[in-house]
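J.: Now for the letters of each chain:
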Amino acid sequence: MTRISVKVDGTAYEDEVEPRLLLVHYLRDHLGLTGTPIGCDTSNCGACTVDLDGETVKSCSVLAVQADGSEVTTIQGLAHDGEWHALQKAFHERHALQCGYCTPGMIMAARDLLRENPAPGPQEVREALEGNLCRCTGYQNIVRAVLAASGQEVSS
Amino acid sequence: MIPPAFDYVRPASVDEAVRTLADAGEDAKVLAGGQSLLPLLRLRLAFPELVVDVGRIPELRGIREDAGTLVIGAMTSHHDVIRDPLVRRHAGLLAAATATVADPAVRHRGTLGGSLAHADPAGDLPAVVLALDATLIAVGPDGQRAIPAREFFVDYLQTALRPDELLVRVEIPSTEGWGFHYEKFQRVAQAWAVVGVAALVRRDDGHLAESRIGLTNMGSTPLRATSTEAALTGADAEPGAVARAAEAAAEGTHPSSDPSGSPEYRAHLARVLTRRAVLAALE
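Protein sequence lines correspond, in order, to chains A and B.
With the first letter of the first sequence counted as 1, position 142 gets the number 142 in our numbering; the numbers rise by one all the way through.
With the first letter of the second sequence counted as 1, position 26 gets the number 26 in our numbering; the numbers rise by one all the way through.
Bear in mind the hints are in silico, worked out from the structure with no lab data behind them.
Some hints could be false.
[Claimed, not checked] Below, a sample of chain B positions facing chain A; criterion: calculated Cβ distance under 10 Å:
| id | residue |
| --- | --- |
| 1 | F6 |
| 2 | R42 |
| 3 | L45 |
| 4 | A191 |
| 5 | V194 |
[Claimed, not checked] Which bits of chain B does chain A cover? Going by a derived footprint, with three or more residues having C-beta under 8 Å, they are:
| id | region |
| --- | --- |
| 6 | 168–178 |
| 7 | 212–221 |
| 8 | 234–240 |
Positions of the beta carbon are idealized from the N, C-alpha and C atoms, including for glycine.
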């Protein structure tokens, strides 16, 4: 077992974990933060995307011990005082989800994009989300939601 | 799946990492960004006794220029490589090809050194450093060793690195002023390259003074399209001459057969993509 200290969504945790424990399993099974889903077994789908020290990662492809000393933000850390993040609101208003399974990862990846590029074009949004798969929507409303969250005019 | 159990250490320096590897022998595996190793562990295709995490050794990260040579620390992330002004200036091909690797989240974690040491022939960066005539610097118990890229890739997932050696940096002679392009054929976004072609060209007025062509996934290691390179030397920088030279791109290659393509199909792709890559590099 290896001792780790990690801050997740603003709360500090100290834990003894097996080195083989994946970050996503630590979040879900140890901390009960099941807002971050597991969608695949191949690192392809991006559903488990979280923020690790200011950069998105696929939490199925990071060991919990690698997050030692780091700060993690999950989809559950985005709302403040009961107020949704702009991306959460835009996904809701633009109907950017059907089953919702990919949504946490989509929003985390889109948040990463908007930090680096506050006013992306539609093609830039698509490229930024290339590591996140949605099997329901066909992506159109997801792209529109990200553009809307960036404050740009979007035709419906 | 849940990875098999292993012990884990996180050395703080290259010396400590090398000592750890020397003590552990062949049962240890180096963990860089983990974007290839963790999927392998999860699929239970690798069973290391000990995982040596070198991802936080400060001396392994960073990019600098030293007398016309670009020096990139092995643990520099793809994300940092793509955005670095020195890389864009001296090795634009590397920045362009790295931008096509996987997706943004993977590029945050994945590292240049990790990609090269993993030596997957379908990975994009081995053929790129081969085309750039890079030198890979390894540190072992007996000190430092410089390995030319053409000697580094030995076979499928195998490099010239010994079990007690650590890849510490990549040295790339500047290609400032060269034209470059990485042309990749993949079934879907973020998929592995069925075939990829890394092209570097140096123009002399209307002629091609020098060209270097690296091939991804045309054998068990990355390869150079030497016949095409020879045919391009001194050739007119025009589409007809480039197309004729590209016809030789698959000579001497031994591509694999898998659900993405037969060897014949890959040879066809190599010819087409080489033509496209060289023409794009000339623009």
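J.: Hold the hint about R42 of chain B up to the distance rule: shortest CB distance to chain A must be less than 10 Å.
T.: holds, 6 Å
J.: With a C-beta cutoff of 8 Å, work out whether three or more residues of the region 212–221 of chain B approach chain A closely enough for the coverage to hold.
T.: Check failed, 0 qualifying residues.
J.: Please verify the coverage claim for the region 234–240 of chain B: does it have three or more residues whose C-beta sits within 8 Å of some C-beta in chain A?
T.: violated (count 0)
J.: Establish whether the coverage given for the region 168–178 of chain B by chain A is satisfied; the threshold is a Cβ-Cβ distance below 8 Å, and no fewer than three residues must meet it.
T.: Result for this restraint: violated, n = 0.
J.: Measuring from the C-beta of L45 of chain B to each C-beta in chain A, is the shortest one below 10 Å?
T.: violated, 12 Å
J.: For the hint on A191 of chain B, just tell me whether its beta-carbon gets within less than 10 Å of chain A.
T.: holds, 9 Å
J.: Per the CB criterion, is F6 of chain B less than 10 Å away from chain A?
T.: holds, 6 Å
J.: Holds or violated: is there a CB of chain A closer than 10 Å to the CB of V194 of chain B?
T.: Nearest chain A Cβ about 17 Å off; hint violated.
Consistency with the previously given hints fails for numbers 3, 5, 6, 7, 8, ordered from lowest to highest.
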